[in-house]
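Number of protein chains: 4
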Amino acid sequence: MEAIGRRRWAIAEGYIPSESSFSNRELISHETACILNACEREAHIAITIFFVDREPVGPFRVTIPPRRTLHLRFNDLTDPEPVPRDTDYSSVFESDQPIIVQHTRLDSRKPEISLLSTTAYAEG
Amino acid sequence: MEAIGRRRWAIAEGYIPSESSFSNRELISHETACILNACEREAHIAITIFFVDREPVGPFRVTIPPRRTLHLRFNDLTDPEPVPRDTDYSSVFESDQPIIVQHTRLDSRKPEISLLSTTAYAEG
Amino acid sequence: MEAIGRRRWAIAEGYIPSESSFSNRELISHETACILNACEREAHIAITIFFVDREPVGPFRVTIPPRRTLHLRFNDLTDPEPVPRDTDYSSVFESDQPIIVQHTRLDSRKPEISLLSTTAYAEG
Amino acid sequence: MEAIGRRRWAIAEGYIPSESSFSNRELISHETACILNACEREAHIAITIFFVDREPVGPFRVTIPPRRTLHLRFNDLTDPEPVPRDTDYSSVFESDQPIIVQHTRLDSRKPEISLLSTTAYAEG
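Sequence lines, in order, name chains R, S, L and W. For the first sequence, counting from 1, position 113 maps to 105 in the working numbering; every step adds exactly one. For the second sequence, counting from 1, position 73 maps to 65 in the working numbering; every step adds exactly one. For the third sequence, counting from 1, position 119 maps to 111 in the working numbering; every step adds exactly one. For the fourth sequence, counting from 1, position 107 maps to 99 in the working numbering; every step adds exactly one.
Bound conformation, chain R alone:
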């Protein structure tokens, strides 16, 4: 497949609720960056997390093989440090290959889960 996507992406929204009404992985409150690498080369991605009142943290590094997707939970990031809960943040993704990024949140603070999703902002 001909390469599709962009190399720089940003998600201005970001907030992981610390509370969840469920303990299983599917329904715990989480934020995800769904990243598609539809091209024929491994994509090396550096993620930077921005905050309201302190310096950005990163890069968090992920690698996606050719022709694969990664639904990356911000909840799972630990290196160089975890993403704090109940805290406003934003994120920027810089890749050496074209990728597509979509942002999704599942909020289960209440037992009736709520979802949001949007294609992220792209350039480059």
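If you are wondering where the hints come from, they were derived from the structure by calculation, not from laboratory data. Errors might be hidden in some of the hints.
According to the in silico footprint, chain L covers these stretches of chain S (three or more CB under 8 Å from chain L) [stated by the list, open to error]:
1) 20 to 29
2) 45 to 51
3) 59 to 69
4) 102 to 113
All of these numbers come straight from a predicted model, not from anything done at the bench. The beta carbon of each residue, even a glycine, is placed where N, CA and C say it ideally should be.
Take the given structure of chain R and dock chains S, L and W to it, following the hints.
Below, chains S, L and W alone, put in the same frame as chain R:
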């Protein structure tokens, strides 16, 4: 109407819950690619589904007549194979005519349904 | 303010549930095209509605004064004909001035309302 | 980090419900413009709010330091005047530096909260 749209689209998010609180078609958990062919020629679309840990599957082929919409449920795809439930995926759409693609999920794992939607990523 | 926006927009998703758990206007199931005319001239907009299995309907015509917004409910369209409920559709907006279009649905088939929204697809 | 973003953004949707099922800040009904300033200079942003039947209000002015995010609640705007509740509006953001804007609503009129979000419309 003058043609509107793009020929290549991608949805990085993708996840069909296997559980539903309802059995009628309207409220069963589902993911949809809403595809508008507003132009004057039949659009032939090849869809490729990407996974986390195996090779992509496709093409799934759909045809949309001129001046028609198709709200295509990923749940309904069967050829070359069904889209697995409870599994992270992404999708790419390649059309020979300009189209517009929007992604929607209805999640009824809980009886209080939840919705998400976004215009997909376009190029070409 | 310097003009902002595009002249042609499309929303591939479209579905107005016929059922609602509430009868007040705020909470009845509805779909909205939020249209901003931030420029200094009146915007004349022609809307075409596309269906799965019949010819498109339109134009529905709306006028937005300079520096005004219109949150247009598809439920309220009547001329040339109402938008059918429980029916898949798409829409295209053609304006003589730059505008911005965002699509929102409120689904109150269940008493726990659900929302979706996305910036529409733009060109021109 | 190399600058990322655009200087002009618009959100055509806008509606703050006056009712909430909760009184804590996290769960009160609100609308947010998440704004990322990923570049190395302070961003000065002028926000204009548009209405259905009266002249726009603004500019509301916010400043974001370099490498910071601001999740700005429309509920919190007061100067030159508050954003009215239960009222359709739209907003335009004009920045002297590249920024990224994402729109989010949390609706807690019912105790089962509902969310929507979308990357805003960008140009410039």
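### Query
Are at least 3 residues of the segment 59 to 69 of chain S within less than 8 Å of chain L when you compare beta carbons?
Holds: 5 residues of the segment 59 to 69 of chain S have a Cβ under 8 Å from chain L.
### Outcome, coverage of the segment 20 to 29 of chain S by chain L - at least 3 residues whose beta-carbon is closer than 8 Å to one in that chain
As far as the segment 20 to 29 of chain S goes, the hint holds, because 4 residues have Cβ atoms under 8 Å from chain L.
### Query
With a cut-off of 8 Å between beta carbons, are at least three residues of the segment 102 to 113 of chain S near chain L?
This one holds; 9 residues, not fewer than the three required, reach chain L with a Cβ under 8 Å.
### Query
Residue count check for the segment 45 to 51 of chain S against chain L: does it reach three with CB-CB under 8 Å?
Result for this restraint: violated, n = 0.
Consistency with the previously given hints fails for number 2 only.
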